[in-house]
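Using the hints, put the two standalone chains together into the complex.
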Amino acid sequence: MKWRKINNVIHRDLGYLCFGLTILYVISGIAVNHIQDWNPTYSITRSTTAVDLSGVDLQNNNTITLEVLSQLDEQSPLKNIFRVDANTLKIFVKNNNITVYLDRSEVFQEKSIKRPLLFEANFLHLNHAKKLWTWFADLYALALGILAITGLFVLRGKKGITGRGAWLTAAGILIPIFFLWLYT
Amino acid sequence: MKYFFAFLTTCLLTITAAQAEQRTFGAGVTINETIAVSTILDKPEQYVGQQVRIEGIILDVCSKRGCWIYVASDRQGEKIQVKVTDGEIVFPMAIAGRLAAVEGIVEILDISKEQMIAYLQHIAEEKGQPFDPSTVKAERMIRLVGLGAQLLD
Chain U
1 MKWRKINNVI HRDLGYLCFG LTILYVISGI AVNHIQDWNP TYSITRSTTA
51 VDLSGVDLQN NNTITLEVLS QLDEQSPLKN IFRVDANTLK IFVKNNNITV
101 YLDRSEVFQE KSIKRPLLFE ANFLHLNHAK KLWTWFADLY ALALGILAIT
151 GLFVLRGKKG ITGRGAWLTA AGILIPIFFL WLYT
Chain L
1001 MKYFFAFLTT CLLTITAAQA EQRTFGAGVT INETIAVSTI LDKPEQYVGQ
1051 QVRIEGIILD VCSKRGCWIY VASDRQGEKI QVKVTDGEIV FPMAIAGRLA
1101 AVEGIVEILD ISKEQMIAYL QHIAEEKGQP FDPSTVKAER MIRLVGLGAQ
1151 LLD
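Chains U and L are the protein sequences, given in the same order.
Just so you know, my numbering puts 140 at position 140 of the first sequence, and the rest follows in order with no gaps.
Throughout, my numbering is defined as the position within the second sequence, counted from one, plus 1000.
There could be a bad hint or two in this list.
[As the list claims (entries may be wrong)] Heads up, simulated DSS-like pairs for lysine-lysine below, C-alpha to C-alpha not over 27 Å straight-line:
1. U:K114 to U:K94
2. L:K1064 to U:K111
3. U:K94 to U:K79
4. L:K1002 to L:K1064
5. U:K131 to L:K1043
6. L:K1079 to L:K1064
7. U:K79 to U:K111
8. U:K130 to L:K1113
9. L:K1137 to L:K1083
10. U:K111 to L:K1083
11. U:K94 to L:K1113
12. L:K1043 to U:K130
13. L:K1064 to L:K1043
14. U:K158 to U:K5
15. L:K1113 to L:K1064
16. U:K130 to U:K158
17. L:K1113 to L:K1083
18. U:K94 to L:K1083
19. L:K1083 to U:K114
20. L:K1064 to U:K131
21. L:K1137 to U:K94
22. U:K130 to U:K94
23. L:K1064 to U:K79
24. U:K2 to U:K159
25. U:K79 to L:K1079
26. U:K111 to U:K94
27. L:K1064 to U:K114
28. U:K79 to L:K1083
29. L:K1113 to L:K1079
30. L:K1137 to L:K1113
31. L:K1079 to L:K1043
32. U:K5 to U:K159
33. L:K1079 to U:K111
34. U:K158 to U:K2
35. L:K1079 to L:K1002
Simulated from the structure, these hints should not be mistaken for lab results.
Chain L on its own, in the form it takes in the complex (with noise of 0.2 Å):
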């Protein structure tokens, strides 16, 4: 019995040591070349169903399954959301204050009020911001559906 628990908790350290491991997400990152992220935010629609690259200091993480981060943008106050789907890439939260390397498909999405205030207010309730509804409008978000991710520090 004691090789048996012996083998269990090789097993868990070895899960616990791969995890440590892993800087490279998805497919990784395949273009050389880096768009700067307030260069997409300025002109997205120049860049919209393209595969690029972004760099940037990974500002948060999806908590609950890992779907998305944030990424910093080169220009102070701005950020730009990467979206992967549910599953096939996982971030766990340790990358957070990270750079990285990210590659994705540039998406807008045309949110309505009701949308972004519901968004909004999950997000301010999850990091206890204060939030004004009546400040929020409609508007467009400008996003990576990410492919890949690769840590670079």
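Looking at chain U on its own, in the form it has when it is part of the complex (with noise of 0.2 Å):
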């Protein structure tokens, strides 16, 4: 077999292989490079709602987390509560973390969601999982190594890395470098 046959082998069936992790990386980059503008991982709600607790006997907690789990309509399995201070509970249910202020009847929501597919993919990309899954994506980053240097040998003639691809190729290495003296 020529060279470029198993050049052109290695290339089809590495970019089948790769598809996948490829495609998560993808969406997982495009949402995590805007960090600064949004949160890729979580959907997050923030709220202040007015609660009564007149009535409600200020020392003790567990009155007042009833009463207002009650009044918000709250249901999600309760976690833990936890007095910050004099004025201050805090009640954790699943999802939802409450600040109660007792001093102003006021309650402060923080509910987070998980973003479906997004949570996963950045769970895989940013290597949070860490174990075995360091060197699986260690293999995936050589793979994609080779896929991009098997790719330059694809094709043959003017279409090819002595004619065309020659000059995308040194494109593609300019325009980081371009950046990097823009930026550094």
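Following this line, the structure appears as structure tokens:
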């Protein structure tokens, strides 16, 4: 078998193998690139609401919690409660952290829900998993490198690396160098 | 094609299950003796640079990068920040409200008034809390550089 045929087989099959993770990384990459403007992993809703705590024993955390959860119609499982200070109580329920300001009869809610697909994509792309995934991700990076190199030699002639391919490859190298020059 | 989508679905479900089980973060905890957060806040010089273990309820989690948590002190009204290197440990938001043991190295940061105003203003805006810059002064921030954590409940 000629070397170019072997090259093309490697390029084709690695391309198939890398497709899924590449798409996942594309999604996560764009999402994380704009982390300054939004939260790519969680959808968070913050709100302040008035509650009526008249007649409630403000020394009793359990009573306050029951009353607040009832008024907010919050039915998610309770995780914990914590009295931060005399005027502040924190109530933790699943996907909602509630801060009760007793002196102002106000609650601040921070509801967080994992963004479907993006949470999982970021989990893998940013290597939250660690352990075995680190090695797999290294292999994937290596495969991408091989894909890039074999990609240069798929075609020959005017459209290959000795023709138009050379110019496009040079442009692809020069673009990041330009930005390095511009910003450093 | 249906096998392909079944495979993808299985992968996603596996990832989700793996995340739900996570109770140890980073290097976990290796020290047996727990130092009270109030003790560290009272005498930070005594502990600066030392690796310590603290325990407390996780009050807050960095929602964007999972790169810090606040752990409640044993003394009312106090808390301590545990900062980890971005990406090295990622705390999920779901651990807010959980009891945890956390290990890290005690650090003291001298923060200027301007830096403190910017930091507190950002936190207040995010949490919807009132903020008065005139009450802020330059101060020392005592925190842990987090190395690991373990949920206890």
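Outcome of the hint check:
no., hint, in the structure
1, U:K114 to U:K94, "12 Å, holds"
2, L:K1064 to U:K111, "14 Å, holds"
3, U:K94 to U:K79, "7 Å, holds"
4, L:K1002 to L:K1064, "35 Å, violated"
5, U:K131 to L:K1043, "37 Å, violated"
6, L:K1079 to L:K1064, "20 Å, holds"
7, U:K79 to U:K111, "14 Å, holds"
8, U:K130 to L:K1113, "38 Å, violated"
9, L:K1137 to L:K1083, "22 Å, holds"
10, U:K111 to L:K1083, "23 Å, holds"
11, U:K94 to L:K1113, "36 Å, violated"
12, L:K1043 to U:K130, "36 Å, violated"
13, L:K1064 to L:K1043, "32 Å, violated"
14, U:K158 to U:K5, "18 Å, holds"
15, L:K1113 to L:K1064, "25 Å, holds"
16, U:K130 to U:K158, "45 Å, violated"
17, L:K1113 to L:K1083, "21 Å, holds"
18, U:K94 to L:K1083, "24 Å, holds"
19, L:K1083 to U:K114, "22 Å, holds"
20, L:K1064 to U:K131, "22 Å, holds"
21, L:K1137 to U:K94, "36 Å, violated"
22, U:K130 to U:K94, "26 Å, holds"
23, L:K1064 to U:K79, "22 Å, holds"
24, U:K2 to U:K159, "20 Å, holds"
25, U:K79 to L:K1079, "19 Å, holds"
26, U:K111 to U:K94, "9 Å, holds"
27, L:K1064 to U:K114, "12 Å, holds"
28, U:K79 to L:K1083, "23 Å, holds"
29, L:K1113 to L:K1079, "20 Å, holds"
30, L:K1137 to L:K1113, "5 Å, holds"
31, L:K1079 to L:K1043, "15 Å, holds"
32, U:K5 to U:K159, "17 Å, holds"
33, L:K1079 to U:K111, "22 Å, holds"
34, U:K158 to U:K2, "20 Å, holds"
35, L:K1079 to L:K1002, "52 Å, violated"
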